[in-house]
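Chains A, B and C, in that order, give the protein sequences.
Using our numbering, the letters of the first sequence correspond one by one to residues 1 to 301.
Using our numbering, the letters of the second sequence correspond one by one to residues 302 to 557.
Using our numbering, the letters of the third sequence correspond one by one to residues 558 to 922.
Everything labelled a hint here was simulated from the structure, so no lab data went into it.
Just so it is clear, CB atoms sit at the ideal spot from N, CA and C, and this is done for glycine as well.
Here are the simulated lysine-lysine pairs, DSBU-like style, with alpha carbons at most 35 Å apart: (1) 428/B / 471/B; (2) 690/C / 400/B; (3) 400/B / 559/C; (4) 425/B / 560/C; (5) 471/B / 356/B; (6) 356/B / 286/A; (7) 444/B / 471/B; (8) 907/C / 444/B; (9) 286/A / 413/B; (10) 497/B / 413/B; (11) 90/A / 905/C.
Which stretches of chain C does chain A cover? Using the computed rule of at least three CB atoms under 8 Å from a CB of chain A, they are: (12) 688–695; (13) 832–844; (14) 873–885.
Non-contacting residues of chain A with respect to chain C, defined by C-beta distances greater than 12 Å in every case (computed): (15) 1; (16) 8; (17) 163; (18) 174.
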Amino acid sequence: MQEFINTLFNGLSLSSIILLTSIGLAITFGVMRIINMAHGEFVMIGAYMTYVMQQIFNAFVPEAFGDFYYIAAIPFAFFVTFILGAILEKLVISRLYGREIDSLLATWGISLILQQAARSIFGAQGVNVNAPSFLSGGLTINGCTFSYNRLFIMALVLFCLFIVWFIMYRSSFGCQMRAVMQNRPMAQCMGINSRRVDQMTFSIGSGLAGVAGCSLALLGSIDSAVGQNYIVNSFMSVVLGGVGRLTGTVLGSTAIGSASIFAENYTSATIAKAIVLFIVILFLQKRPQGLFTIRSRSLDE
Amino acid sequence: MNNTPVLEIKNVSVCFDGFYALTDVNANVKRNSIHFFIGPNGAGKTTLLDIICGKTKPTEGNVIYNTQDGHSVRLTGLPEYQIVRHGIGRKFQVPSVFKSLSVKDNMLLSLKGHKSIIDCIFGKPSKEEFEHIDYVLERVGLKERTDICAGTLAHGEKQWLEIAMQLVQKPEIIMLDEPAAGMGKLETFKTGEILKDIKKECTIIVIEHDMDFVRQTADIVTVLHEGKVLTEGLVDEVLANETVQAVYLGRSKAVS
Amino acid sequence: MKKQNICFTIIVLILAAMPILLQLGFITASSTVLFIGKCIAFAIVAMGLDLIWGYTGILSLGHGLYFALGGYAMAMYLKLQATGGQITDFMHIGGLTELPMIWKPFLNLPLSIIMIFVIPAIVSGLIGYFIFKNRVKGVYFSIISQALTWAAYSIFIALSPYTNGNVGITEIQTIVGSIRGDKNRMNMFIVFYGALIIMVLTYALCRFSTSTKFGKLLIAIRDGENRTYFSGYQVSHFKTFAYVLSAVIAAVAGAVFVNFNGSITPSQMTISYSITMVIWVAVGGRGTIIGAIIGAFIINLCEYNLSSGSLVDIWQYIIGLIFVITILFFKGGLVGLVREQIPTFISKLKNKSHAETPVKSKKGA
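All chains should be modelled from the sequences, with the hints used to inform the complete structure.
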């Protein structure tokens with residue numbers, strides 16, 4: 001029982017991390033049909049921004065407030081990746097609408113550049129952040145330990161989900177966003193500035209990647225490939241969840257996260273990867289377009 | 302020539318996430334006739350064609366196809382390429398031709414038979430087949446444009462090419478989804494004459510809104526409304542029907 | 558079309574001259590020739606990738622897997638040649654006492670060569686069949702192929718008693734024995750010309766298959782997959798066939814590569830290595846076989862010359878930029894640039910000068 005709860009907790013923890021990295025992907029892919037291969041690098045940038053914030057606090061802020069660097073790092077990471085996302089959208093993505101596969105390739109070129117930039121600035125060696133003291137240790141109930149930093153990440157995910165849900169379904173901007181997602185030309189005819197919607201969507205998606213980076217910084221050392229470790233899983237959960245619905249992404253990441261941890265429990269981590277992949281492919285046999293889809297009448301989209 | 306209907310649509314219903322696009326549709330299509338499905342937008346015409354050609358699976362009901370020599374084939378559940386190989390071709394509403402291939406290559410790919418991988422790699426079309434392609438292209442008036450890339454054709458010409466691609470397969474049934482859309486009066490009339498000409502060889506099912514075109518060519522008209530069959534009959538009967546006028550023609554008259 | 562063949566002939570002649578230039582002393586380092594040998598392997602895999610991406614429109618981000626499968630098959634044979642059929646060191650360390658079953662076929666050359674074809678064909682056939690059957694396409698396929706490669710990569714590392722994990726299979730010679738050093742120069746030439754012949758054969762195969770109705774159908778699938786179904790073709794079989802064909806070509810390339818590289822590691826089956834192959838095709842010009850070859854040579858030669866010493870950091874920026882710019886502005890790659898963009902640019906310039914004269918005369922009037 002104890003073991004089961006621990007496994008469940010680990011599964012939920014991994015799911016939440018995957019979810020955090022895939023929300024941004026899901027909205028950029030859903031709204032703009034852009035596969036952002038550089039998303040993993042935005043996660044990496046977010047993680048490095050946490051490190052930068054820590055260095056700034058170490059240098060300028062009295063030690064008593066040192067722990068608050070992490071609280072400051074989250075909005076900071078969001079802000080930096082948000083701006084970078086806006087720049088990327090302006091320079092590259094805006095020329096790629098309607099070319100899904102090309103968008104994938106071009107953003108991969110961007111990710112090469114960003115990775116090298118990270119190596120040039122921060123060095124090839126990984127850097128570490130010290131988890132703030134209020135997140136060290138854990139909650140012990142009946143012999144099961146729930147570490148605070150993982151609980152914190154889960155809370156962060158719920159918070160981000162709520163914000164995204166609010167923006168998408170309860171704000172007028174979200175309404176425009178969904179309109180563009182479902183029928184771009186029609187939305188333009190209704191006077192929606194779809195360029196602006198795209199720009200905002202991409203920036204928000206990138207910003208969320210930055211926040212995901214903050215949470216990764218708690219879990220291990222940061223190097224230029226840190227985003228890559230999670231990005232494949234994130235892509236899979238977006239595919240599994242289907243395009244355009246937040247619920248799909250949540251279910252997709254939960255399924256992949258829990259499945260990997262449970263499979264890992266009984267076999268090894270590598271076999272678990274293969275098993276999860278196999279399940280996804282099997283699933284796509286039944287629903288080639290993912291869990292949730294929007295039906296369409298046209299022949300070739 | 303036998304008198305069994307070439308296509309029997311039996312109790313077909315389609316449900317999209319709780320919305321019934323078609324409810325209990327029954328219709329028979331007579332051999333060598335031009336059969337029109339008309340109806341206001343959202344009546345389920347395109348969905349019906351989707352079901353016949355296998356693009357959509359019906360929630361309930363069957364579509365039965367009776368061949369020349371008296372066999373019956375249940376089309377429901379067959380994959381679309383099998384249905385095409387049985388001789389049922391379809392032209393889509395939005396012209397869909399292979400844009401980066403020449404007109405001739407488009408036609409070559411559409412020829413009847415030779416559809417396996419081995420045939421495609423090692424097979425060569427025979428002289429008769431080339432002649433047949435020339436003949437069909439002549440008929441639709443694309444003879445001079447054989448080597449042009451299909452993507453550069455004008456909209457109307459793409460429509461013609463797609464019809465030609467259906468014809469070159471020597472089909473039993475051709476389904477045309479709004480063949481006259483985007484065409485001028487003269488071109489529409491010409492299309493009608495071609496349809497009348499080819500109905501000697503096959504059966505034609507058409508969806509169209511242009512009433513002049515319907516009057517010019519139709520043998521039998523089925524009116525769909527909100528997913529149900531409203532009425533079926535000869536052109537004049539149907540167009541004189543008061544319910545039909547109320548749901549459909551009333552509006553179209555007001556427009557014209 | 559003929560221009561392509563002429564261009565290809567020129568490339569082959571230049572390549573064929575390389576060993577002669579080395580012998581005459583114009584090229585000093587024999588490693589240069591070995592490197593060009595590797596480029597030949599890259600050109601072969603690029604042709605395979607072009608078949609599936611440029612022609613059929615299916616972007617595989619996992620061709621590194623097939624490249625590595627072919628490479629491993631070759632390397633396993635060569636390793637057993639080196640050990641004389643005995644079990645290898647890494648198997649000892651991994652706790653194995655006798656040669657594992659999966660290594661046994663590689664004791665003999667004909668069987669190994671068959672394996673180079675059969676293993677990737679089976680793997681790609683199964684993957685292709687199940688994925689294409691349900692019309693998973695576009696980016697969905699790309700993402701799945703990427704994940705597959707990732708899973709295969711971790712499996713290869715996990716099975717280290719059989720594959721030597723991260724290190725890969727090293728310390729191997731070529732199919733005709735050692736090619737290092739001056740006294741083995743004849744061997745090197747044999748391997749080099751052998752690779753060149755394989756490249757010519759692959760080119761002929763690709764040109765033949767794309768010139769037939771099959772090739773037209775691949776383009777038709779790229780343009781409108783559903784339309785192809787409604788023309789009566791079992792599209793998923795065609796896609797699977799094209800995928801298997803390109804996977805086998807990639808595997809052959811991998812086998813050639815091992816002969817020049819002297820080792821094979823799992824890094825050859827990573828996602829980034831697979832996408833690097835896509836870069837070659839994109840830069841050279843997708844949808845033309847010659848473009849794939851040119852791209853593979855140009856990118857690799859640039860990398861060879863630039864990525865040494867202090868330039869190694871800059872190279873990553875350059876390749877990233879080249880890729881982004883190619884995708885954004887030169888969709889047809891170098892071939893497209895020469896074939897379409899430059900001619901239209903020139904004719905535009907001409908038109909401009911033509912257009913300007915009447916305007917001026919009007920003003921004058």
